[in-house]
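For chain A, the structure is supplied; the task is to place chain B on it using the hints.
So the protein lines, in turn, are chains A and B. With numbering that gives the first Met the number 0, the residue at position 281 of the first sequence is 280, and numbering never jumps. With numbering that gives the first Met the number 0, the residue at position 140 of the second sequence is 139, and numbering never jumps.
Treat the hints loosely; a few may be bogus.
Claimed, not checked - To be clear about the criterion: a stretch of chain A counts as covered by chain B if any three or more of its residues have a C-beta under 8 Å from a C-beta of chain B, and this derived list gives those stretches:
| hint | segment |
| --- | --- |
| 1 | 90-103 |
| 2 | 106-116 |
| 3 | 119-125 |
| 4 | 155-163 |
As the list claims (entries may be wrong) - Far from chain B, by Cβ distances over 12 Å, these chain A residues were calculated:
| hint | residue |
| --- | --- |
| 5 | Asn52 |
| 6 | Pro86 |
| 7 | Ala193 |
| 8 | Gln230 |
| 9 | Glu233 |
To be clear, the hints were calculated from the coordinates, so they are not data collected in a lab. Nothing here was measured: the structure is a model prediction, and the numbers come from that model. Heads up, the beta-carbon is just placed ideally off N, CA and C, and yes, glycines get one too.
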Amino acid sequence: MTAPVGIREAPGENAPRLLEVEAMTVAFGGVTAVDGLSFGVNEGEVLSVIGPNGAGKTSAFNCITGFYKPSGGHVRLGGVDITGKRPARIAAMGVARTFQNLRLFGELSVLDNVRAGMHVRIKQNAFDAILHTPRYHRSEQEATDEANRWLDFVGSRGNRYNEVRNLPYGEQRRVEIARALAREPRMLLLDEPAAGLNHNEKEQLLDLLRRISDLGTAVVLIEHDMGLVMQVSERIVVLNYGREIADGTPTQIRSNPAVIEAYLGAGDDVEEEAEKIAHQSDDQIFGRTEGEQA
Amino acid sequence: MSIDDGSRPERPSNSSANRSRPDAADASGFVNAVDDRGDTKVALAGSGLAPGKASTVNPLSRLISHPLFGLVVVVLAIALPFINSSAYTIRISTDALIFVMLAVGLNIVVGYCGLLDLGYAAFFAIGAYTAGVLTTTFGWPVIATIPFVVVAAVIGGVLIGGPTLRLRSDYLAIVTLGFGEIVRITANNLDFTGGPNGVFGIPDFGDFGLRADIATYWVVTVVVGLAVLASARLGRGRLGRAWRFVREDEDAAEAMGIHTYQVKFAAYVTGAIFGGLAGVLFAVHQTAISPPSFNFLYSALILMAVVLGGMGSTPGVVVGAIVIALLPELLRGAENWRYLVFGVLLIVVMIFRPQGIWPHRVGEKPAKARRKRVVEDEPEVIP
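Isolated chain A (complex conformation):
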């Protein structure tokens, strides 16, 4: 196993490598969104990918899940090269994701949305559906029960029988996670799951992320909410300008000068800046920055 450069003292370093991204490059016209990115995800760990806006986090996600074809480099899942494979293939191999802006099937019922995650596992063909064979009834019942279980798991309390677009935003986020979990992924990629959630909902998300991790699923998180990132992550990868600039435990990342520079520009008091990230509150950061400028 060749550990990519930049991984030091990662927790669970001895755990087998689930995902390996090697020198991945994505370019749109003249803009290089991801520039030779290398990082890895271990089985069952909770990894956060952070970085300023436009650092290439979502592009990297899209490459891993097959939505973009990287112009260079390799992505390996459990040792199998999945570079440039169709998203459906990658998903079927055990990678599930959520989207930065909710991508639910708005006109369909909540249960149907979750059933989407089980699609590749539902044992039934078109003739079963037309003839209503016992196999059809059995698989539909199993799918419904399982969808209900996943919705319970994520703590969804809304009406499950009607259109998902009728649910409040926070509930829809949960349904999207339930849908991804129903894929029974080995690795779950969450793109800004806390965006738009209130404090209470963030607390519940934190709890949910821990329970997902307890299922043995590796969780990769893109998130701007530093409080959440610091609490839930076992390891953090920091991107800037499409490259990895740091990789380590939350504690290491907090005091990493490169990270602080990426987020706040070159500061004169590194320790103090680090404190700000550690305490995550946006208004606090802005308040003090303005104070220093004055």
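Same frame as chain A, but now just chain B:
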């Protein structure tokens, strides 16, 4: 026989939703505020939060959403020759039923899967010509042509769907429009299809000792009834769900492991088979077919039946097809004005029911699902 998920279920968790979620109350307050402003669209979007809508109380919708309603309709259709057996009634009823089959077939492509097909009459033509040529030139019985019709329809679907289903919807519409015209013009110019004269003298299924047109009517009723049932059931199964996922959001479907290209292909080919089989019925019913029967206007009318009835809703599409097929006949009294009246009526329906006459209702019946939901408190039992 329940044709579709037309019924609107009770809302089991509404009260609990309001109880456990503090912002639900705010949301329905917002909905009320919007309601007062009369913006129905926004109000509709939030209607899931507002408890008990009146639509469940409406006796008409309760009647038509009854599970036995579909069966009653089928019995009535079969009983029609006993009620009125004039040649005219039987002829327009047979026409209408064939049109229903076309509409439920196109509904799979457009309604379920969201692929805009403007050349659907091409498959209708392929089916009709395959049956027509095999029966007249080679003297086969109609039944024996059916496997070849299916194969021909699938080949047509593969030829046109294979390269174009990778395209986005609007391009697909243009390509299918062209395909429809190509098929018609090809039939117009080939010798074995009879050129502009078409194929005539197509035999029927046999008269079973009955009046020939009534025998054909009953065969058509049974075939179309089964087709409607099959398309409704397909729409609710695993593949039908995949079609709806693709229609709603292709990327999200793909991210769930659904091979969207294969799924779209399946919808297109299934639609082609329905169209081809409807073509067989048409050839038998008309006994003569010629290229002008399969022009673009016909494709447009089928699409109109789907949209008018309610995309993705089997009972809606059936009603839409019957309306489109019979309205011009019922308007004969208006003489030269009838197509004008027809057009105006369609516009009026679309203004007052933009989702269609009988739109698809999403609500699932919770009873079945609730049975095993006692485990609610123990979410750890994840498979």
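So, going through the hints one by one against the coordinates:
1. Counting residues of the segment 90-103 of chain A whose beta carbon lies closer than 8 Å to any beta carbon of chain B gives 7, which meets the minimum of three for the stated coverage.
2. Taking a C-beta to C-beta cut-off of 8 Å, the segment 106-116 of chain A contributes 8 residues in contact with chain B, enough for the three needed, and the coverage statement holds.
3. Here's how the segment 119-125 of chain A fares: 5 of its residues keep a CB closer than 8 Å to some CB of chain B, so the rule of at least three is met and the hint holds.
4. With 7 residues having a beta carbon nearer than 8 Å to a beta carbon of chain B, the segment 155-163 of chain A meets the requirement of three or more and the stated coverage holds.
5. Every Cβ of chain B is farther than 12 Å from the Cβ of Asn52 of chain A; the closest lies at roughly 22 Å, confirming the non-interface assignment.
6. Not every beta carbon of chain B lies more than 12 Å from that of Pro86 of chain A, the smallest distance being close to 4 Å; the non-interface claim is violated.
7. Against the 12 Å criterion, Ala193 of chain A stays outside the reach of chain B, whose nearest CB is about 17 Å from its own CB.
8. Under the 12 Å C-beta cut-off, the non-interface status given to Gln230 of chain A relative to chain B holds; the minimum distance is some 22 Å.
9. At roughly 21 Å, the least C-beta separation between Glu233 of chain A and chain B is larger than 12 Å, which holds for a residue marked as non-interface.
Of the numbered hints stated above, the single one contradicted by the structure is hint 6.
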